[in-house]
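*Asks:* Our numbering applies: residue 6 is where the sequence shown begins, and numbers increase by one.
For the record, the hints were derived by calculation from the structure and aren't laboratory data. Note that this is a predicted model, so its numbers are computed, not measured. The beta carbon of each residue, even a glycine, is placed where N, CA and C say it ideally should be. Do not rely on the hints blindly, as some may be mistaken.
Straight-line alpha carbon distances no greater than 20 Å define the calculated PhoX-like cross-link-like pairs of lysine-lysine that follow [as the list claims (entries may be wrong)]: (1) LYS211 - LYS172; (2) LYS81 - LYS172; (3) LYS114 - LYS87.
Ranges of calculated distance between the beta carbons of each label pair, as one might list FRET restraints [unchecked claim]: (4) ASP96 - ASP209: 17 to 25 Å; (5) SER195 - PRO139: 48 to 56 Å; (6) PRO214 - ALA171: 44 to 52 Å; (7) PRO176 - PRO99: 14 to 22 Å; (8) ARG94 - GLU20: 27 to 35 Å; (9) GLU24 - PHE165: 18 to 26 Å; (10) MET52 - ALA91: 19 to 27 Å; (11) PRO99 - GLU20: 36 to 44 Å; (12) PHE93 - LEU177: 14 to 22 Å.
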Amino acid sequence: MAASQEITTQESTVEEWTEALAQSSGSPGGGAGTGVMLAIAASLTSMVAGYTEDAGEDLQDRARTLRETALRLADKDAVASKAFGAAFRLDPGPQREEAVRRASVEAAKASAVLGDHAMDAIEDLAWLATNGNPALIADVVVAFGALRAAIAGARTNVSFDLAALAKDGTPLENVRAQHPHLWETVGRLSDAMDRIDELTAAVDTKAAPTDTL
């Protein structure tokens, strides 16, 4: 793979994209991986909905749209990640501090948007866990796993990027006051992880019945 080749989720093969992810470049990185996990969850949601008579076209349409959105956001995050890394490579000084601050905020915003989309997907998948084709309950649980990974990734990235704003000695309390929406997003994402854990536990015996023996 040529170093100059642009790697995107929409124009690269899975082999090419994961090879790029494996490199020590950070673009794509964990944030972009979060987007891909969300796309996987959306794809499985769409598939199960297609096998479920009562799911309706709206649910499947939302899942299909989410898959496309997640991949675009993954690529957008990769761009933000590149800027984040470039800022940290600058020589120490006011210019570096400002570049790190700006890149941290943009990276946190990109992850927060991914997280918001992931949280919006929970209840459709919850409906399928209860009402979906029972033959595909294992696929629902796999989708929950991918969705949880996406939410966990978004939560951690937003939190880490916010903390980066305090590396110059700024108190975290000031960061919270300056970016209240991003700060609150971390809490909502944590709650969403708990919600997915509850939903998964409720259907786990159906998806993995051998564990009951």
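*Asks:* With reference to the structure, classify each hint as holding or not holding.
*Replies:* So, going through the hints one by one against the coordinates:
1. For the hint pairing LYS211 with LYS172, the CA-to-CA distance comes to about 47 Å; that exceeds 20 Å, so the pair is violated.
2. A threshold of 20 Å between alpha carbons decides the hint, and for LYS81 with LYS172 the separation of about 25 Å lies outside it, so the pair is violated.
3. At roughly 15 Å between alpha-carbon atoms, LYS114 and LYS87 fall within 20 Å of each other, so this suggested pair holds.
4. Between ASP96 and ASP209 the C-beta distance comes to about 52 Å, which lies outside the given range of 17 to 25 Å.
5. The hinted window of 48 to 56 Å between SER195 and PRO139 is violated, with their beta carbons roughly 31 Å apart.
6. Here the CB-CB span from PRO214 to ALA171 is close to 48 Å, well matched to the stated 44 to 52 Å.
7. A beta carbon spacing of about 20 Å between PRO176 and PRO99 agrees with the range 14 to 22 Å that was offered as a hint.
8. Between ARG94 and GLU20 the beta carbon distance is about 29 Å. The supplied range of 27 to 35 Å therefore holds.
9. For the pair GLU24 and PHE165, the beta carbons lie near 25 Å from each other, so the given range of 18 to 26 Å is met.
10. Range check, MET52 to ALA91: Cβ separation about 39 Å, and the 19 to 27 Å hint is violated.
11. At roughly 43 Å, the beta carbons of PRO99 and GLU20 sit within the given window of 36 to 44 Å.
12. In this structure, PHE93 and LEU177 meet the distance hint of 14 to 22 Å, their C-beta atoms being roughly 20 Å apart.
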